[in-house]
Structure formats: C-alpha cells, structure tokens
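Enquirer: Sequence order for the protein chains is R and P. Residue numbers 1 to 1167, in my numbering, belong to the letters of the first sequence in order. Residue numbers 10001 to 10534, in my numbering, belong to the letters of the second sequence in order.
In case anyone wonders, no lab produced these hints; they're calculated from the structure. Do not rely on the hints blindly, as some may be mistaken.
Each computed DSSO-like pair below joins lysine-lysine, with the alpha-carbon atoms no more than 30 Å apart [stated by the list, open to error]:
| hint | chain 1 | residue 1 | chain 2 | residue 2 |
| --- | --- | --- | --- | --- |
| 1 | R | Lys825 | P | Lys10229 |
| 2 | P | Lys10019 | R | Lys647 |
| 3 | R | Lys927 | P | Lys10019 |
| 4 | R | Lys828 | P | Lys10327 |
| 5 | P | Lys10327 | R | Lys629 |
| 6 | P | Lys10024 | R | Lys828 |
| 7 | P | Lys10199 | P | Lys10229 |
| 8 | R | Lys955 | P | Lys10327 |
| 9 | R | Lys927 | P | Lys10151 |
| 10 | R | Lys828 | P | Lys10151 |
| 11 | P | Lys10327 | R | Lys825 |
| 12 | R | Lys825 | P | Lys10199 |
| 13 | P | Lys10500 | R | Lys828 |
| 14 | P | Lys10106 | R | Lys825 |
What follows is the residue order along each chain.
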Amino acid sequence: MFAASLAERLKTVFKQIINQNQIKTMILSVWCQNKNGTKSLRAKTWMIMKLTIVLLLFFTFQVSAKTEAQKVTIVRNHISLTEVFKLIEQQTGIHFFYDKDLIKGTYPIDIGIKDASLDEALSVCLKGQSLTYSVVKNTVVIRPETKTTLIQVQPTFGPKNLLEQPPIEIHGRVVNQQGDPLQDASITIKGTNKGVVTNSNGDFTMDVPDNKTVIVISFTGYKSQEIRIANRSTINITLVREDNSLNAVVVTALGIKQEKKTLTYATQAVNPEQITKARELNVINSLEGKVAGLNISQTGSGVGAPSRVTLRGNRSINGDSQPLYVIDGVPVLGVPEYLNPDEIASIDVLKGSNAAALYGSDAQNGAIIITTKKGREGVIKVSLNNTYMASRPDLSIPFQNVYGQGINGTYQKGSGYSWGPKMDGQTVDNWTLDPSRAGETYSMTPQPDNVKDIFQTGYTVSNNLQASLGGKNTQAFFSTTSTEGRGILASNKLQRNNLMARVTSSLSKKFSLDVKLSYTRQKVDNPLRQSTDNFNPMQQIYDIPRNIRTQDAKKFEFPDINGVMQQDFWAPGFSSTAENPYWVLNRNLFDEQIGRITGMASLTYHILDKLDLMVRSSYDRVDETDEQKDYNGTLVRALHGRYYVTKRNNYEFNSDFLLSYNKDLSKNWNLDLHAGGNVKNQLLNESLSSNTGDALSVPNFFSLSNTTLPVTSYNPGSPINIQSLYAFGKLSWKDAIFLDLTGRNDWSSTLPASSRSYFYPSAGLSVILSDLIPSFPKVFDFAKIRASYAKVGSSAPPFMLQRTATFSAGGSNGFIALGNTLPNKNLKPEETKSFESGVDLRFLKGRLGLNFTYFKTNTVNQLFTIALPVGSGAASFYTNGGNIQNNGVEVVLNTVPVQTKNFRWTLDVNFSHLKNTVVSISDERPKVIIASNFASDYVIQQGLPFGDIFTIGFKRDSIGRVIVGSNGVPEVVNNKNQDIGHYTPDWTAGISSSFSYKRFNLSFVIDHRQGGIVESFTRASLDFLGLSKETLQGRSGGLVFGQNIFKNYTAVTEDGKPNTIPVDAQTLWSTIGNISLPVGEVYALDATNTRLRELIIGYTLPHSFTSKLHLADVDVSLVGRNLFFISRATPGLDPDILTGTGTSSEGYSTYPPPSTRSYGINVKINF
Amino acid sequence: MFLLIFLLASAGCTKNFDKLNTPKNTLTGGQINSATIGQAFADAEYWGLVGDGNGWELMHELHASLYSQIFATTSSGFNTDQYQETASWVDAGWNAFYSGPAVMIKFVEDFTAENNMSAANAIAKIYSVPMYERMTDFFGPIPFSQFGNGKTSVPYDSQQSIYESFFKILDSAVLVLKQNTTMTPFGTNDIIYQGNVNKWITFANSLRLRLAMRIVYADPALAQQEAEKAVADGIMMSNSDNALILTTANNLNYLTRWSYIDPFTMSATQESVLVGFNDPRLFSFWSQGGDRLGGNMGYNGVRNGLPRVLKTTSVRNGTAGNSFVSKQFLPIADGGSNPPCIVMTAAEVYFLRAEGALRGWNMGGSAEDFYNAGITQSLKYWTPSTDQEIQNYIHSTNTPSAVPDGIVDATFKTPPESDITVQYEGSAGFETQLEQIITQKWLDSYLTPWEAWAERRRTGYPRGYAIIESLDPTIPVTAIVRRMVFAPSEYSNNQVETNKAVTLLGGPDITMTRVWWDKKPLTDYPDLTGSIVH
C-alpha cells in the first residue's frame, strides 16, 4: 500500500523533472525502462552507463551546488522519507530525484523543524539513514552516503541471507574519467568482507546475493562509490580522482582520522607510490622537496646513512629539534629510517606543534605520521616489487693536476703536501716503506684520476613480496623485503630484511582487533666514519697527493722484518690523522648490525553506536651491535691492532586507551570527542662495550680474549616514564565551522616532584567560508580560513636533579669523580607556544588549489646548561630559560594545468620561508656555544638567528680593510669571532609535477634551497695541502692579496697603505687553510642550489602481453634520484650532507662523502 | 572498566619516579662517604698532575714539552712549537684542570675537614700545592682561594699571594701530620705514598724547597728562609722517597702515550746534550730512528719551531727516522712498561740543594756534592748504570755536541749552544755552575716537562736552540715563551674577573709577559744564537 503510493508519487515527481531539461528526461527514461525490464541487455547497459555518468556529474558538481533560500517547516512524528520529500517539494517547489530502492531501506523519522533552510531540513531527515544528498538547481539528488566515517556502517544483511537465495552473477568494468581501465580496484559487497578486484582491463565478475545488494567500488587515489545492483547484471563504473579532494581523510594525532577540510592547522601528505619506486635506503630522504617547511639533511656515512629532519626550523637549544615519528598511532624510537617503503600506506606530515599537541612532550617539533598497509576486505592480492638502483659519486671538488708531492717546489717522497715540483715525468724515488722495494723509482706524472679510481658504482637491489588476504571477518597483510646495497666505496655494504604482518579482525559485533608485528634486520659493513678522523676514508682519499699512482697506493701493506703486515703509506707521521685510504678501507673494519622489532595490538570495543573504546599496547625495541677490527699497523690509533664490540639497546613501551564519541547535538551541531591516556616507558642507551685495549696478543686475530688488557663497560641506560591524560574535542556547526580543543597533562619522571605534572592546551578554529556564506563568490569551489594556538610542554633528560659521581678504573681501587654539571632541583618543563593561521582555497573545479600558512612559535623555559667559569667548581649548571622564536610562511599550490581524455598534467609547488630568532637566553649568558670544532663555533646568541656560525677571520682595520703583514700574508684574528651566518636557508621551494598519457607517466621533483652557509673544513684542508685548484695560481710567487687573489677584499699593510706585497701560493694558503686555525670566513660556502631530486618515467605493459605471461599486470618505471644540480652557488658542495644528525652538525662540512646520483629501474608485478 | 584500571594504574605510578630518575651505575655527590673518599683523593692525585690524555696533550705535550725543548714536533698542525697559541687547546687544558681534579681535591679537603679526618685533610692540602703550582706557573694569576665559590664569577689570585699561601698550607699541614705519624690516611687509595705520613712530610718539605727556589729572583729573602727551613725539617734523600703516581692499564702515563701517537720527537737540544755528554739516559729516553718499523737509524733529534711545511717529512731521515720516546716508556699495550707519573724526585731535590748551596744558603753541604748526588740518583732512576759507570759519567769532561746534517735537508746542521761539561766546574762563574745544575735537572725532568719549562724561564737554562721560525711576528726566534694566555672561555664566562687578572699579571695577556717569579734580568740570560751552519 505504502510502496504503491510511493511509486505513484515518484512518478509524479519525475514527470515534473522531465520538464526541466534534457538530462532529466534521459534519467527518467533509463529508470523507467529499467523498471519495465523490456529492453535488451545491451541497451540497458548503455543506459545504465549514461545514468552513471549523469550521477557522477551530479556528484562532481555537488560541491559548488548551492541551496536557494527556501524555508521548510515540518513537525511530524513517524513520517517516512518519501512523505518528507513530498512535503518539502510542496513547500519549496524543489524536486527530488532518487532510486526508490534506496528509500526502501530507510526508517521513519520524527521531525520538528521550523523555518529551516533546505540544507538543514535535509540534514535532519537524512541523518543516520546512510544517505546523502546534493542539490542541482531545483533538484535534490538523494544517494548513498560515500563519506568514510569513523563509525563502521553495520551490515545490512547477514550471511544467512546469502544462503537462502541463489546468488546473482554480475560483471562490469571500472575505468577512470579518461576511460582507462583501473586495475586492482576493489569491489565489495557493502557490509560484508566479500569482494573481488578488477583485472588489468578493469573488468570484474562477482556473485551478489540479491538485487538489493550495494557494492562498494574503491581504488587508491579515487573517490569510492556505492552502487545498488537493482536488477542489473552489468555495471560499469567511472571513478573520479580524489586529488584535491576535500573529503580526503587525514590521519592526525593519536591516529584520529579527520576530514582534511575540517582541520585547523596545516598538514601535508606524501604520495607513498613514488617512495616505493624511486627508492631511498633511508625512506625519510624520499620526503625531500615534497613538503613545505620540511628540511632534510643526511649524514655522510654511506649506504643507509641516517638523516636529520627539521620541521619549521630549529627551536631547541639543548635538544635536536627533530620531529616525532608515529607509526600506526604509536610513537616510535628515534627515526624509523629502516622502514620498508613497501609497507607504507600513507605519510602525513603534521608540521607545527598545533598539529601535534596531543602527542605531548615529544611532538613540539611536529610529527610525521606513517600508516602501514592493512589487508582489505574481499581483496586477495599478491604483488612483487623489484627495484634496482645504481649510484655514482658526484666528484666535483676541483683538484689541481700540475704539482706533485713535496714543498717549496722540491719533491719529497714522504710528504703529505702537494707543494712540490711540476709533474713532468721526472724520475723520482717511490715512497714505499717496504724494505724489499727500497730503491724503486717511478716517473712522476699527474694522476688526475687517483681520487676517482677508488670509487665504484654503488647499487641497491630491493625485492618486495606482499600479500593481502581479505577474509570476511579477518584480513591479513604480509610483506617481506630484502634489500642489498653496495656503496660507492667497495667496503661499504648494506643488507636489510624487513618482515611485517598485520591482521585486522572483527571479532564480533562489539569487538575489533588490529595486531601488527614487524621485524627489521640490517647489517651495514663499514659505514663511513665522519669528520676529521684516521678512519674517515674520505679524508684519506681527498688528501692523496696529486702524483700518487693508484697502482702504488693499492699496495697498502707489506711484511715487516718479523713477517707481520704493516701499513705502506706515503706520509706516515705527516699528521696524526693520516693513513693510506686503501688501508683504511681494507684494514679498519667496522660493522653495524641492527635488529628492530615492533609489535602492536589494539582492541576496539564498540560500546554504543557512536561510542568506541580502543585500548592498545605497543613495543618498539632496537638492538645494535657494533664490531670494530683494526689491523696491526693502523697508524697512531691502533699500532698493535684492536678489537671492539659494543651492544646497545633502546626500547619504548606504550600503553594507551582512547574513548571516542560522536554525537549530533542538534541538527546543526556535531560533537566529536576523544579522551585518552598513555603510559610511556623508555629505556635509552643501555650498552655493554668491551675491547681488547690497544694490544692484541696474536696479531690480527680478532677475539676479545686475545689480549691481556680487556676493558669492559656497562651503561644501564636512562629510564624515562611519562604518563599522560588527554582529551580532544571537535565541535562543528553546519559542517562549516569547526572548533578544536585539546588538553593534555603529563607526569614525567625526569622532573622534580614540584613540576613533574604539567598541563598544556590547544585550540583551533576553521571556517569554510564557501559553505557558510551563501553569497560567497562562485569562483571559489572552496574557501577556508583557519587559526590555531597550542602550547606543548616537554620534560627534561633523565638524571638532571643530582650531581653525579662517576666510578672509573685505575689506581689501586678505582677513582671517583664528581660530574661537572651542577644539578637544578627546580627544573621546569620546556614549553613551546605555537600559533598558526592560514587559508585553503580551491578554484576551477578543483584544478587549482592554494594553501597558505603563517606560523609563529616561541620555545621558552628551555632546558640547557649555562657555562660557569670552571673556577666556580663546576663547568655548567642546568637551567630553564631562553626564548627561541620561529616564524614563517608556507605556501602550497596544487594545479592540474592540462586534463584531457588521455593526458593529464599536474603541477604542485611548495614554498617555505622561515625566520629563526634567539629572542633571549639568559641575562647571565647571552651567548651559548653548543658545539666547537677546528674551524667554527655553533653559537646561539641573543638577537641573532639560531645557530650562527662563528669562525676565525682576517684582522681588519677600523674601516674593515684586511691588514696584511710584512710578508704579504693577511693577518688573522686568532679567535672565532667572525659571524659568517647560518645554515638555515632563507627559503626553500619544491616543484613536483607529473604527466600521464595513456600507459605512460612521468613525474619529477625539483627542489631549491636559497641561502644558508656551510663552513667547509675540507676546502681549508685541501688548500693547506696544495691539492685544490685554487692553489695553482702563484706557485712561484706574485700573489698580491686583495689584488690578483681574493680580489673582493681590500687589503692594506700595517701602515694603512694598499697592499702590494707579493707572496707565493704555499705561504699564503698555509696560513689561510692552516688546519689548526683555518680562516673560516674564506670557507663559508653558499649553500644555494637547485637540483633535480627525483625523476620517474613509468609504463604499464599492455594486457595483451602480460596475459600471455599469466600475470595480471606489470608496471615498469625508470627512476632517478638526485640526478643533477640544475644550479649551485658552490661547485662541488652538497650542503645536505652533514657529519651528524645533531643540531650542531648543521653547517659544518669536514670530509663528507660526495653526493651520489642514483638511477635505476622498478618493476611491479601483480599476480 | 579499562579506563578505570588504567587510571588507577597510572595514578599509583609516579611514586617510583624519584627512584627511576636516579642513575644506577653512578653515585651522586651525597653518596660519597669516608670509605670511598680515598678513591676521590686518588682521582685528584692522578688527574691533578697528569690529566686525561687530552689534558696531557694540550697542556704538556703542546706547550711545556716544546717550550722546555725536551721534545720537538713534526706535526703540521701543531703551531705552539712556532710560538703561535691555539686558543681552544688552552681552553681544554684549563677546563681539564678546573672541572676535574680541582673539584675533587677541594671536595676531599672539605669532606675530610667536616668529618674530622685531620691527617687525610693535611695530605689533601699538601697535594693541592703541586697541582696549583703547575697551573700558576703556566698562567700567573689563577683562581685559587675562591675556587669552588659556586658563583658565575670567580676572582683570580696573584701569583705572589698564591706562593705565599703555599708556604702557609705546607706549614699547617706538616704540623698536623707530625701529630699523626702512625696513621695511614687513605690507605692504598693514596696512589703516591699509600698513606705513609712520614713520606708525605718529606715530600711537603721537598716541595717547599722547590717553591722557595722558584721565587728566588722575586723574593730572595723569603726564598732562602723557606729553603733552609725545608732542608732542616727533612727532605727526600734517595729514589725511595720519590713522589711517583701509580699507573695501571687504566690510568696510563699519558706523556709517553701521546708522545708516541702524535709526532713528537727528541728535540735537537736533547740530542746535542745527551749525545755530547755520552749520557746513558739517551738510550733510556729515546728510540732509534726507524724503530717503529724495527729500524736502527740512530738517534736523531729535530729542531724546535720547524716551519709548517718542513715539519712533515724529511728534516732528518724522514719522519720515521726521527727519535721518538723510548719504547720502554710506552703503555704496556704498545710494548712498554707504562712508567709511573712523576711528581718529584730525590734527584731534583739534590739539584735544588746544589743551587741553594751555590747561592750560599745553608743546605747542609756543598753545591758540587749535591750536584753529583743529583746525577747519581737520576742515573739510578732512569738507567741500569753501574756505580762505576755513574762515577765515570760524573767525572766526564764531555760537552754538548753539534747536531749533524740531515740526510735530505742540511739546513739545520747546528753547532752546540753550550760548552759546559758534565763534571762540575766549581771554580767557574756563578752562571756556569748554575747552568750545569739546571741542565742536569732538565735532563732529570724528562717526565715533568712543566717543571723543566718553569726552570728554563727562571734561569735561562739549558741553553736551547733558537726556534727555526716564529709564527708570531712579535716573538723573536731566540725568545723563550714566558707563559700561557688566559683561557678564552674565561673571557666569555668570567669576564670581569679575568680582566682584573690581567691587572694582577702586571702586563698584557700575552705569552711574552713574565709571571711574578720570572724576575731574572734578561741581560743575565745566555744568548741564544740559533746559529745555523750553511
């Protein structure tokens, strides 16, 4: 009875619609014919397709659709939706369009609205009906809800039904807007786990229980669709790309998923697909150039080197200013650099402390949120991903190739200098120390390749196999990867295995489970040692005199009179850090093994419809073993050999709970509430170390028992316990205004009782103007303004509250010594106050998007040590103070300049600018030197930018002219008081672009860094040794400082007259490059550069071909990373390669390895 | 439910925070007690004069051992041998003392005073004297009486007042010890005398004699008074009285360790004297050239102050051909014996008495007898010489020899700077006798280069070679460096007081300003010609 009247009414409705326009005519006809079922299948299919297209058009345009200001008043109890629609039609003259089967599944409602807008009325009556609507001119289209929500939709039917009725076979094809088939799109029956995936033609076939079945079609990067079968056996679907999608879901703090449009702060996501193709051994490096405000630099330790990451600049005097990494909602230890990119489903970068306020202490520098893959319901998929990347060193430091070993133009076979004679084939003594080769001579000629010869082509081979098994209630994902890398130096190798398993399961209606276990094992042979060091092969390689022949250098050892092998080297004793590079590579061996195990289990209890409780535990443990073998004959550091073993471990145990509640408070108000707590237990740097001292009893037999002097030490590590309670609430009005509030209280074990409990809040507001203001200019698809403020507290390192006294071995019964730092019993937590605001705009149907963010953070009450005069009885004391201010802007522009049927071009640009100021430190000490080396001090000084680098400079007169001594050499101020600037760039920008044409695609990333300086000790040293090209000029004198060399300086003699005193290159450079006191201002190198960071050219093999191989699909990509510099201010300098990951390693370069360009091929096979 | 359990669990947990935040393998300051105070004193004893490897390298190797011309360096980066200071080295050395052993000796003094451990307190006070003596001799004014004030500003004391305090400290400490001669304060933890109070008294008096002699040109009356008092009260008589610091595999004698690691070689001055005297200590102190590779290339010294570019290689026989510290002095791990560190030897005390006698003071004997006794004790300590060999040496009329040609570079062929004999020339002038005494004392101070440098400044002996090249245009090659400049960190961390200290110094804060006791008229100094035969 009711159904019949509904059908009648609908007919009336649609008759009215028919009169509106052509499209509606078509829709109706399709609908009616379907109902009658009289047309041929082919025609039906065609019509369904048309319907689909029309529906999609509606969906696509829905964002820009606006409701006209008709008022609706309905006060009725237990009224059906059809009746509501009818009433609305009557009151507003607006027509409704929907599939009647959709309405069949709905339930009657109680409604009481007065003078409501159409939107309000519709929201009220569709709330909870799994339906949504869009308005096109005078028509309301009712359709299934596709929005992903936190709350799972309950199954509409159970397995029982499946058995009762014979299944219906349906088939179809999934394509994109260009008509290209989409492979691996999943088709699942809504509410069940049953489903299939499309093949490479986009085709699928599946059984569905009945005609009421709704299937969900989803594909990564596209908007999901739900379609009711409605008596059709062929269903073709066109999916729409999700890029620039406002409905994109972002994983935010605590793993809470939020719609991007509702966020009150800036986040940026990174496409995980590129990361697996253009593979980096350290996955974090793949983010370079892709995120505004993110800076990455690497250490120079060779394959798999760790990286330093900062978001929006440095802010911590004592800490390292690096962000927190969170994997699947759980913070992890340090940087997850060994993570396998194949396991990653998404990476979201939460840039400011606003975004990360809920993580507390560890997230004051922002957070990088990584989500790993899960099995999908109804999807069984196995794929193989192979990458081969080769890498070549970029050897662009200019060396001279004219003068050989020696000084004053005279050959000396044992010299480390290249101030000798011109190399023109003269016969000279060989430098060998091998007595059996005494008297050997050779012809001295330039050896331009003696540096290059030592390098090789490195490579990385990576094989990943993953399987996704989507059962009905339980889904599993397995991934295993083996990676092998070889560095550009022969001894440097890496082997890594990743294993990961994740199981998700709906245990019952009320409980669901998510369990993950992953294990990584990595072995690195001979990571390159950093900075000025005997064991840093780069130093030994660059320092090879220009006449040393590779064939000679390679004979790096010889037997001494006792038959024990000794190092053969051209300049033993030249300096305490000089060795034959081939010896270092082959006889100073250092292996690092890392095992990392991460486990996580979380259980969610669906207490009520909108109320969930999640409890979770996770464990992350990193075990490291270092083994060092130095052979007999290692100059200076281990003349009699040495063996060293260290085992270290760190772990973190997190337990947390999260209660989530979502409620519509009224028709306009929605509240999303989360409250939780966390207990974190960390143990950092527990270590056990043992070595043989400096004497192996039996030469070159590496065992800890092979010594009379074993030395062992144990450090029980630093425990940290932090307990927290927190809450997050999002109040929204009309889905257009969003207010976020968070609060967190931490209790930290490292602070004194009086201040160990600390609270910090954050608040954010975002307003979607385009939705809120009906008259908002139509040029905007979307316009949002947002602002947020956060305070984040951070606790102290452990053991700061007492003065320690350390035992050490020695004397009769050992020594006890008091620590140098005075304790501070009144330590307070450090605090970052952060404000940001911005706008997000979309134009031209989503083809142009602009995000703009301004931010300002002040980190106050910083914990750091202040130096005392040591005569006070202590070297420093711990204190709270300081105010470091970072402010800046970030701009992200997303565009789709060209989009045609077969061709699509996207262009994304990001830009960021940061100003980083030390507002105050302490009245007593306005300047803190946090690191010092031969060439420079890393200084934090009131009023200056963070981390200005101070070096030795030339002596100058009152008007800034350089004073030259009577020997023509500029005088030097023997103090590092010359401020040469800082490493932080003035601005950075990245351009990512992709082109896709049929089966081809091409994408690239270019990044640019403007400004910032690097102090290069390497260059000073190469000048000092007479190795660099700069030292060619004036070998026989005639250099006049300020005239024909260093022309940009004005130089005067002591009496103020212009300098005309000539000097020779050796004299000049041995002062300027003097390795004890290098004139740092000369070696302040401009770090500005533009480089092609990434290039991927991909091709999908035709199905006609792959099917012959019984493969579903094969993608082949040619990939390149760091291919070349488009421009750089300083030739030969890669400012991204530093000597460490600490703050103070910024801007100091001492014998880093050359940057490497890598290129290769990636093949992805789906079975 | 879960929530409740969680909350209950977490609320109870902060109770263990204090325990958690207390380090497990280190003590806290408050946990040191009278049983462990000995280890704290041992720490001060060892690091107080030795310092860690770094402290040694920076203060002694790179300054005192070069300025005393016991060693020379062939390392291209070490410019102190050419009279150019590297500020960060001074800083590191300064900090190694003040934030390490200075803290510990004060802690021990305070702790023993609070706990009425009077004999232990007296020993700690005595030992603080040579610790601070080394520092004031390096710098002049230093923080002394106000050390450990816990403030952001620490005043310096003038050197004169520090020396006057030294005598008073020794007075009161010796008085206390004489009342406690049966005790063994610190027991075996005392790594110098194992708590032997009588030895400490002897050491305190010997130290008084050294301090007295140091100030002889600044305050001759006080010098004589204190010297005679010291001798009258009982001083070191033989090597068994020597103040030696126990070393082990875990606390090395770093002088030898670092001399071997860094390119530090025998200086040409040592070569000239030891070779010319045919001194048995030559073979004890130095290795033969090429020894690192098992070679046998003779004893080859190197001139101090080599130009940077010449330092590297072939000055004599190639770097490997130079003479390094003898293997017996190396750590056991490097095939040596890891010798004890030296605070003071009986030989030094005899040479001090010889000089006192030469000055006409009541030292209980003649200058010549003490000179010969000093040589005897020194040779017995350093060499396996027989009594006859010692007698032969004492009566030898050998004089320093010329330093011969190098194989590659003959530029530095150099005649001897001095013509003194080994045999004491009692009839010669005052300066010649003084030169003989100090030159022999210099040879004995092989492992105490800071003393050798102080004595070279005070007296001008031994006659060293002029350095080859000075990197500081204001310091001539013939000059002797007079002090170390104040640590640059003091100018940033203790600025007001450091500026006042420059006033106390009585001259600019440069290496050529003479400290308070450095008063011998420069006209009385031997002329360093640095002559080179071309």
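Enquirer: State for each hint whether it applies.
Expert: Going through the hints against the structure:
1. A threshold of 30 Å between alpha carbons decides the hint, and for Lys825 of chain R with Lys10229 of chain P the separation of about 50 Å lies outside it, so the pair is violated.
2. For a cut-off of 30 Å, the pair hint linking Lys10019 of chain P to Lys647 of chain R stands: about 25 Å separates their Cα positions.
3. Restraint check: the Cα-Cα separation between Lys927 of chain R and Lys10019 of chain P comes to about 35 Å, which exceeds 30 Å; the hinted pair is violated.
4. As the CA atoms of Lys828 of chain R and Lys10327 of chain P are separated by approximately 54 Å, the hinted pair breaks the 30 Å bound.
5. Among the hinted pairs, Lys10327 of chain P with Lys629 of chain R is consistent with the structure: their alpha-carbon atoms are about 24 Å apart, no more than 30 Å.
6. With a C-alpha separation of about 23 Å, the suggested pairing of Lys10024 of chain P with Lys828 of chain R holds against the 30 Å cut-off.
7. For the given pair, Lys10199 of chain P sits about 17 Å from Lys10229 of chain P by alpha-carbon distance, which is consistent with the 30 Å threshold.
8. Taking the CA atoms of Lys955 of chain R and Lys10327 of chain P, the gap is about 44 Å. The hint is violated against a cut of 30 Å.
9. A hinted pair counts as satisfied when its Cα atoms are at most 30 Å apart, and Lys927 of chain R with Lys10151 of chain P qualifies at roughly 18 Å.
10. Among the hinted pairs, Lys828 of chain R with Lys10151 of chain P is consistent with the structure: their alpha-carbon atoms are about 21 Å apart, no more than 30 Å.
11. For the hint pairing Lys10327 of chain P with Lys825 of chain R, the CA-to-CA distance comes to about 50 Å; that exceeds 30 Å, so the pair is violated.
12. The suggested pairing of Lys825 of chain R with Lys10199 of chain P is violated, with an alpha-carbon distance near 43 Å, which exceeds 30 Å.
13. The suggested pairing of Lys10500 of chain P with Lys828 of chain R is violated, with an alpha-carbon distance near 36 Å, which exceeds 30 Å.
14. For a cut-off of 30 Å, the pair hint linking Lys10106 of chain P to Lys825 of chain R stands: about 23 Å separates their Cα positions.
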